[in-house]
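Engineer: Going line by line, the protein sequences match chains A and B. Position 18 of the first sequence, counted from 1, bears residue number 19 in the working numbering, the numbering being contiguous throughout. Position 138 of the second sequence, counted from 1, bears residue number 147 in the working numbering, the numbering being contiguous throughout.
Note that these hints are calculated values from the structure, not bench results. A portion of the hints provided could be inaccurate.
[Claimed, not checked] Now the stretches of chain B that chain A is said to cover, found in silico as 3 or more residues with beta-carbon under 8 Å:
| id | stretch |
| --- | --- |
| 1 | 28-35 |
| 2 | 98-108 |
| 3 | 115-123 |
| 4 | 131-143 |
| 5 | 151-162 |
[Unchecked claim] Going by beta-carbon spacing under 10 Å, a handful of chain A positions derived as facing chain B:
| id | residue |
| --- | --- |
| 6 | 5 |
| 7 | 7 |
| 8 | 11 |
| 9 | 18 |
| 10 | 25 |
| 11 | 68 |
| 12 | 77 |
| 13 | 85 |
| 14 | 123 |
| 15 | 124 |
| 16 | 131 |
| 17 | 137 |
| 18 | 138 |
| 19 | 140 |
| 20 | 141 |
| 21 | 142 |
Using N, Cα and C, we set each Cβ at its ideal position, and we do this for glycine too.
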Amino acid sequence: MSENKIELFIQGEGVREVTLVRVPHDGIVRDILKSVSEQCGIEAREENINVLIEDNDDEIPLDATLKEAGIRHRHRVHLHRCRRVEVSVNFKSVTKPQSFSTGTTIAKIKRWADDVFGLKGIDATEHALQICGTNERPDLDVHVGSIVQYPQCQICFDLVPKKRVEG
Amino acid sequence: MDGMTPAEKVFRAHLEKGPFQSGVDRGRWKLVLIAWPHSIISVSAAQRADAPPEYSFRFELSNYPANAPTAQPWNAIGNAPLQRGGWPGGRGRIQLAFNPDWKGGSCLYLPCDRCAIEGHDPWRTQHSDMVWNPEGDITQYLRIIHDLLHSEDYTGLRGS
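So that you can see chain A by itself, here it is in the shape it has in the complex (with noise of 0.2 Å):
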């Protein structure tokens, strides 16, 4: 942390990777979007745009202080125009479905599945999420906002066994 800089780290729509960003201490929301724009390159329109802190569903207006909305250093902050992201969650023929802001974790959204689906101990360590129709496995920091683009809010995984690698 720089003496008039704080460290954020940026998910969201269009920002795949976890991304550092650096803006003013004393600065406002908008400045996070202004600051993505010149650090990364990526375009972060204000319209309709919803800004959260990771795993909060709370919505955080862009005129607000960094101090007022509680984003202080290495704070981890999402933008996106989704609201929600309607999550699915395919295991052994059974889909089950639920709604995730769009700065929840992978983590998170694991620890649901894991428990819907009764898994426990060693049978849920030994399973991963995977973006269905595909063999990607996000971190389990990433954000699921970050792997869906507007106006399309939602996500299909398959809750698959880790494989062990032998041969």
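Chain A is already provided as a structure; the job is to place chain B on it using the hints.
Structural biologist: Below, chain B without anything else, positioned relative to chain A:
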């Protein structure tokens, strides 16, 4: 940065970026040192009786990120390969990935490892999610180690 190879410059730049720093911030891993072409990085482990909270790994990073890294458990204090009793131990995926008897303990038995993938072409389809992607960064390897060290298969120190 003068005198550094392009690979080292890229590696150091990756360490400053969001994916690596996010893991540092969450306590998943941390940089111990860089002595090019090596780097020692510690990865946290789930709490187990009489086991350390983290393990260090020495990565060999020549031609990073075009070439996959190769890594071995490392005694960061003694700056030497970790003795077999100090390796992570357990069942299933753990005993396969962390095998001190394979290639003399010089690398981990994982598809993301440059040494291990040699002669294992079927892994590229069988374990495509774990194969090194030159467009990615070191966190793709660290995430796999971290996942293993937080699985129920991990039971603590391997022991002698």
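Engineer: When the structure is checked against the list of hints, which entries are broken? Sort them ascending.
Structural biologist: 6, 7, 10, 11, 13
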